[in-house]
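K.L.:
Chain A is fixed; fit chains R, F and S with the ligands onto it per the hints.
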Amino acid sequence: MDKRFIYADNAATTRVSNEVLNAMYPYFVTEYGNASSIYALGRNAKKAIELSREKVAKAIGAEPSEIYFTSCGSESDNWAIRGTCERLASKGKKHIVTSVFEHHAILHTCQAMEKLGYEVTYVPIDKNGFVSAEDVKNAIRDDTAIVSIMYANNEIGTIQPIEEIGKICREKGVVFHTDAVQAVGNVEIDVKAQNIDILSLSGHKIHAQKGIGAIYVKKGISLPNLIFGGAQERNKRPGTENVPAIVGLGTAIEIATSNISEKRDRVTVLRNRLIDGILQLPKTRLNGDRDKRLPGNCNISIEGVEGESLLLMLDINGICASSGSACTSGSLDPSHVLLALGLKHEVAHGSLRLSISDDTTSEDVDYILEVVPKVVKRLRDMSPLWERILKGESID
Amino acid sequence: MDKRFIYADNAATTRVSNEVLNAMYPYFVTEYGNASSIYALGRNAKKAIELSREKVAKAIGAEPSEIYFTSCGSESDNWAIRGTCERLASKGKKHIVTSVFEHHAILHTCQAMEKLGYEVTYVPIDKNGFVSAEDVKNAIRDDTAIVSIMYANNEIGTIQPIEEIGKICREKGVVFHTDAVQAVGNVEIDVKAQNIDILSLSGHKIHAQKGIGAIYVKKGISLPNLIFGGAQERNKRPGTENVPAIVGLGTAIEIATSNISEKRDRVTVLRNRLIDGILQLPKTRLNGDRDKRLPGNCNISIEGVEGESLLLMLDINGICASSGSACTSGSLDPSHVLLALGLKHEVAHGSLRLSISDDTTSEDVDYILEVVPKVVKRLRDMSPLWERILKGESID
Amino acid sequence: MLYSEKVLDHFSNPRNVGEIENADGIGEVGNAKCGDIMKMYIKVDNGIISDVKFKTFGCGAAVATSSMATELIKGKSIDDALKLTNKAVVEALDGLPAVKLHCSVLAEQAIKAALSDYYTKQGIDPLPIIGEIGECEHCH
Amino acid sequence: MLYSEKVLDHFSNPRNVGEIENADGIGEVGNAKCGDIMKMYIKVDNGIISDVKFKTFGCGAAVATSSMATELIKGKSIDDALKLTNKAVVEALDGLPAVKLHCSVLAEQAIKAALSDYYTKQGIDPLPIIGEIGECEHCH
Ligand SMILES: Cc1ncc(COP(=O)(O)O)c(C=O)c1O
Ligand SMILES: Cc1ncc(COP(=O)(O)O)c(C=O)c1O
Numbered sequence: 001m002d003k004r005f006i007y008a009d010n011a012a013t014t015r016v017s018n019e020v021l022n023a024m025y026p027y028f029v030t031e032y033g034n035a036s037s038i039y040a041l042g043r044n045a046k047k048a049i050e051l052s053r054e055k056v057a058k059a060i061g062a063e064p065s066e067i068y069f070t071s072c073g074s075e076s077d078n079w080a081i082r083g084t085c086e087r088l089a090s091k092g093k094k095h096i097v098t099s100v101f102e103h104h105a106i107l108h109t110c111q112a113m114e115k116l117g118y119e120v121t122y123v124p125i126d127k128n129g130f131v132s133a134e135d136v137k138n139a140i141r142d143d144t145a146i147v148s149i150m151y152a153n154n155e156i157g158t159i160q161p162i163e164e165i166g167k168i169c170r171e172k173g174v175v176f177h178t179d180a181v182q183a184v185g186n187v188e189i190d191v192k193a194q195n196i197d198i199l200s201l202s203g204h205k206i207h208a209q210k211g212i213g214a215i216y217v218k219k220g221i222s223l224p225n226l227i228f229g230g231a232q233e234r235n236k237r238p239g240t241e242n243v244p245a246i247v248g249l250g251t252a253i254e255i256a257t258s259n260i261s262e263k264r265d266r267v268t269v270l271r272n273r274l275i276d277g278i279l280q281l282p283k284t285r286l287n288g289d290r291d292k293r294l295p296g297n298c299n300i301s302i303e304g305v306e307g308e309s310l311l312l313m314l315d316i317n318g319i320c321a322s323s324g325s326a327c328t329s330g331s332l333d334p335s336h337v338l339l340a341l342g343l344k345h346e347v348a349h350g351s352l353r354l355s356i357s358d359d360t361t362s363e364d365v366d367y368i369l370e371v372v373p374k375v376v377k378r379l380r381d382m383s384p385l386w387e388r389i390l391k392g393e394s395i396d
Numbered sequence: 001m002d003k004r005f006i007y008a009d010n011a012a013t014t015r016v017s018n019e020v021l022n023a024m025y026p027y028f029v030t031e032y033g034n035a036s037s038i039y040a041l042g043r044n045a046k047k048a049i050e051l052s053r054e055k056v057a058k059a060i061g062a063e064p065s066e067i068y069f070t071s072c073g074s075e076s077d078n079w080a081i082r083g084t085c086e087r088l089a090s091k092g093k094k095h096i097v098t099s100v101f102e103h104h105a106i107l108h109t110c111q112a113m114e115k116l117g118y119e120v121t122y123v124p125i126d127k128n129g130f131v132s133a134e135d136v137k138n139a140i141r142d143d144t145a146i147v148s149i150m151y152a153n154n155e156i157g158t159i160q161p162i163e164e165i166g167k168i169c170r171e172k173g174v175v176f177h178t179d180a181v182q183a184v185g186n187v188e189i190d191v192k193a194q195n196i197d198i199l200s201l202s203g204h205k206i207h208a209q210k211g212i213g214a215i216y217v218k219k220g221i222s223l224p225n226l227i228f229g230g231a232q233e234r235n236k237r238p239g240t241e242n243v244p245a246i247v248g249l250g251t252a253i254e255i256a257t258s259n260i261s262e263k264r265d266r267v268t269v270l271r272n273r274l275i276d277g278i279l280q281l282p283k284t285r286l287n288g289d290r291d292k293r294l295p296g297n298c299n300i301s302i303e304g305v306e307g308e309s310l311l312l313m314l315d316i317n318g319i320c321a322s323s324g325s326a327c328t329s330g331s332l333d334p335s336h337v338l339l340a341l342g343l344k345h346e347v348a349h350g351s352l353r354l355s356i357s358d359d360t361t362s363e364d365v366d367y368i369l370e371v372v373p374k375v376v377k378r379l380r381d382m383s384p385l386w387e388r389i390l391k392g393e394s395i396d
Numbered sequence: 001m002l003y004s005e006k007v008l009d010h011f012s013n014p015r016n017v018g019e020i021e022n023a024d025g026i027g028e029v030g031n032a033k034c035g036d037i038m039k040m041y042i043k044v045d046n047g048i049i050s051d052v053k054f055k056t057f058g059c060g061a062a063v064a065t066s067s068m069a070t071e072l073i074k075g076k077s078i079d080d081a082l083k084l085t086n087k088a089v090v091e092a093l094d095g096l097p098a099v100k101l102h103c104s105v106l107a108e109q110a111i112k113a114a115l116s117d118y119y120t121k122q123g124i125d126p127l128p129i130i131g132e133i134g135e136c137e138h139c140h
Numbered sequence: 001m002l003y004s005e006k007v008l009d010h011f012s013n014p015r016n017v018g019e020i021e022n023a024d025g026i027g028e029v030g031n032a033k034c035g036d037i038m039k040m041y042i043k044v045d046n047g048i049i050s051d052v053k054f055k056t057f058g059c060g061a062a063v064a065t066s067s068m069a070t071e072l073i074k075g076k077s078i079d080d081a082l083k084l085t086n087k088a089v090v091e092a093l094d095g096l097p098a099v100k101l102h103c104s105v106l107a108e109q110a111i112k113a114a115l116s117d118y119y120t121k122q123g124i125d126p127l128p129i130i131g132e133i134g135e136c137e138h139c140h
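Top line first, the protein sequences correspond to chains A, R, F and S.
The opening residue of the first sequence carries number 1 in this note's numbering; numbering runs sequentially from there.
The opening residue of the second sequence carries number 1 in this note's numbering; numbering runs sequentially from there.
The opening residue of the third sequence carries number 1 in this note's numbering; numbering runs sequentially from there.
The opening residue of the fourth sequence carries number 1 in this note's numbering; numbering runs sequentially from there.
Isolated chain A, as found in the complex (with noise of 0.2 Å):
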């Protein structure tokens, strides 16, 4: 078997597409112009980027003017946390509903708050990895500033009833923000219809650029600013407009939404052809429920293996994973979402996430396939756990 590239990476980041690219070479060289400027040259940037916004909304059924162009997905989620808050705070609404798997963009900024003096309710999710929009509903205070919950969680896959989620914030009249980083371009979103008031996106998981991304703010709240200065995106998000990136954003995401169902009917089948796989070695577990999940998103726990050994053993082979191993980030402890998920440590230390795009063929998934298993038999026959788990022993 031939050595392969294979990037099955693709929920940390993707590629940017070459229409991206296209797209936004221009801005770049020629149309560089400051979108704020009044000659021609800054009209046609700003032109770009009206175009832009108006891709976006229509992406996720918005209007135009309830799109904001922010730096990243982080920044989106910090915004609608902390912007609400604050907005908030003068009616004495100092609680917070979010849910324990969400990304660390959610969960240090409400950790911040809490140092600020908010209560923070964290809900659980189950085994599955779902969190019950009635656990939503039972957190939801008088003082309740907004909710957060996450559209689809970025480690496992699992997709959230936001709908029913939307319906009760409206219901109770609480703010719902969904952070849609994963679900933009994965999952039909209709911020009208499933009652979303703030949702956040990022550019880079979808064949953009790194550092740009977006928020949909539901017309009626003024969220304050999070960065304040210039006029730019109508006084509420200052600094001279990325307008490559915004371009690219634009395009990525038509391209990403317009042919969502069928793009994800291909990708599920390599996915589960993915996972069946894997599934095949002894003592291993799928993360995440098999069916509401992120159609790329393969998560699997495998024993006796540790993740980053794992990950670096496949960049050698030629594949680029991702892990539930949290080494990289400084931090010793597995991923807050397996042990959530209710995983020991020491299984969560040995997960393997493969997230496949579009770009994925057939021809990768016999090969990653291929790779697995062996990869696993050499890094199991090095470990001195192996033995004992296949015994039954207890390895904590």
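None of these hints come from the bench; they were simulated from the model.
Just so you know, not all the hints are guaranteed correct.
Some chain S residues near chain A, calculated using beta-carbon distances under 10 Å [stated by the list, open to error]:
id, residue
1, F11
2, E28
3, K39
4, F57
Taking lysine-lysine pairs in the DSBU-like style, the calculated list, with each CA pair at most 30 Å apart, reads [claimed, not checked]:
id, chain 1, residue 1, chain 2, residue 2
5, R, K219, S, K87
6, R, K91, R, K115
7, A, K172, A, K292
8, F, K33, R, K344
9, R, K47, S, K87
10, A, K91, A, K115
11, S, K33, A, K377
12, R, K283, R, K391
13, A, K115, R, K219
14, F, K74, R, K377
15, R, K91, R, K172
16, R, K93, A, K94
17, A, K377, S, K74
18, S, K43, A, K391
19, A, K93, R, K94
20, S, K33, S, K6
21, A, K236, R, K93
22, R, K218, R, K263
23, F, K33, A, K236
24, A, K377, S, K6
25, A, K391, S, K33
26, F, K121, R, K391
Glycine included, each C-beta is placed from N, C-alpha and C at the ideal position.
P.N.:
For chains R, F and S with the ligands alone, kept in the frame of chain A given last:
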């Protein structure tokens, strides 16, 4: 005279240079890995970021560990002010010293701090466009958290006595921040020699992409986060790193600072020709000191002419320029910088900022000096004020 | 902020720029401080505005609305000219950015001011006919 | 977080992986919860570590430090092996990321644990010779 296209608004933004675009390119389509990922594709991205950090550090005399990448100059400015205030809040420091002619990223942040109970002293500028170090000294109080004075002004280009102010702040034990967005690449900066504690810079003023900035924070100062989330930038600035833009910034700053003095001499000659040429028109005045200004900056008030129509008319003739009129920003007030200089509203409305770069040629200057007088004549002929101005009547 | 093609056309090639010697009515509105002054000159023959010219100090929209307004009243009766609203000027220009709407108000006021001057010169009190012209609320 | 070429080499091609049947000493340190376990097997002949093997469950640095540590003590005297510090392992690997330094500590401890076991099997109290091995402070 043939129509040419001349971009003379480099203080607003710049074209991405070919060197920068070439450096960025691979990080869009081949080296697109997430810099936090463990596999080679991620490690390469990480290495590129660290190399860029070294270049940025070197350009201003800092250590790489003192540099954090941000999404723009505005974010850096916000972070400097708000982070420092937050850090020192427990010490009862509730006072900020800045100047009247800062960029809005500073001024509007200061206003936001005022709403939170901070007091802000806005030191004035003199008629040549300088902050006095003495005024800064006198403004510092026991409870001053931070002094923020821009390195060079974006409208009139005047270069401030940074070293003197730095010395005063160091003596008084007050944190000194400077917004060097306009200065980097034009002026030799040495944060250590100049006693600068925090410095903001932005890529798009030096031929890198829009939407990338950096902040220098002196070792020992731990700035609380402005944005919370992942572990990127040593836990200080989350969001998947914008690798291509960061690489571009490193490339751009290396080029911009590699031959400052030679470039300055060349550009200054052209800039002086522009100034002298336009000042030959009656009823004009140079804004800002003639010598201690950014090499590419020419800012002249032209009585009897309104800024926006001047810009539109220049645009028709292929010249991109800017004005002290803030029309485009949705405000009808003329620039706070020109008013701070003591200009009357009606004079401030009629200002022209030409900001040339290293790419500007002598022929470009010839062309500008041919077009500007024609356009001014046309607008003055159309203006009901011009005859009155010539007669010396008051037009208030 | 984006100008329509029409606005840019009327700015680049403004119609009816200039002065009318011995004009029958002259009106000037706006002020330099706020950045816009419009001066309108009219010639009236038998209740018809037979000629109109303007001079404007101001932004692109100020010039374009002046130009369009003169076009819209040239050859029209005084009555029709008095009925010209700023909205009609804006529509004729295919719209104006929100922050520039005040320029169209100025254009309407300039016409009224010129007609007011015309009536005054005729010895007729303009107030019952034209009403208070007021000042642009953006400038004060 | 970047690994040196040496670390990547020792990870990809770890030296001395495996077990030694009838080893003279076996040491195991770390725990699965914290993600790293190292098990070291040694064969001792006349005070010389004539053979050494390891099995490791852990990250790239854990594997690489195990591999490097075995290389550094193989053929050495027990005395020399006891003098091996985690710092020496790190240096031999051209450095480790700060968050991975604890892996080198584990490697040092694994050797000590194996030697401790060796002494115990010889009927010698290892404590005065080797001292307390302690636990990795990162894991507890
Ligand atoms: C002096 C100064 N500070 C801050 C900024 C803001 O930089 P950015 O557009 O990257 O946010 C600018 C330019 O826009 C500037 O000229
Ligand atoms: C669910 C989720 N939220 C937020 C983010 C942050 O996005 P960004 O890297 O653009 O800041 C990510 C990805 O990193 C994500 O997967």
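K.L.:
Given the proposed pairing of K377/A with K6/S, does the C-alpha separation stay at or below 30 Å?
P.N.:
Distance ~24 Å between K377/A and K6/S Cα, so the pair holds.
K.L.:
Given the hint that K172/A pairs with K292/A, test it: the Cα-Cα distance must not exceed 30 Å.
P.N.:
Distance ~27 Å between K172/A and K292/A Cα, so the pair holds.
K.L.:
Is the hinted pair K43/S and K391/A satisfied, with a Cα-Cα distance of at most 30 Å?
P.N.:
holds (27 Å)
K.L.:
Holds or violated: K33/S and K377/A, Cα atoms, limit 30 Å.
P.N.:
holds (21 Å)
K.L.:
Hold the hint about K39/S up to the distance rule: shortest CB distance to chain A must be less than 10 Å.
P.N.:
holds (4 Å)
K.L.:
Answer holds if the nearest beta-carbon of chain A is closer than 10 Å to that of E28/S; otherwise answer violated.
P.N.:
holds (6 Å)
K.L.:
Holds or violated: K218/R and K263/R, Cα atoms, limit 30 Å.
P.N.:
Roughly 29 Å between the alpha carbons, so the hint for K218/R and K263/R holds.
K.L.:
Does K377/R sit within 30 Å of K74/F, going by the straight-line distance between their CA atoms?
P.N.:
Answer holds: K74/F to K377/R is near 27 Å, not above 30 Å.
K.L.:
Hint check: K391/A vs K33/S, CA-CA at most 30 Å. Holds or violated?
P.N.:
Satisfied, since the Cα-Cα distance of roughly 19 Å is no more than 30 Å.
K.L.:
Does K93/R lie within 30 Å of K236/A when you go C-alpha to C-alpha?
P.N.:
holds (28 Å)
K.L.:
Holds or violated: K93/R with K94/A, Cα cutoff 30 Å?
P.N.:
holds (26 Å)
K.L.:
Once the shortest beta carbon distance from F57/S to chain A is found, is it less than 10 Å?
P.N.:
holds (4 Å)
Every hint, counting from the list given before, is met by this structure.
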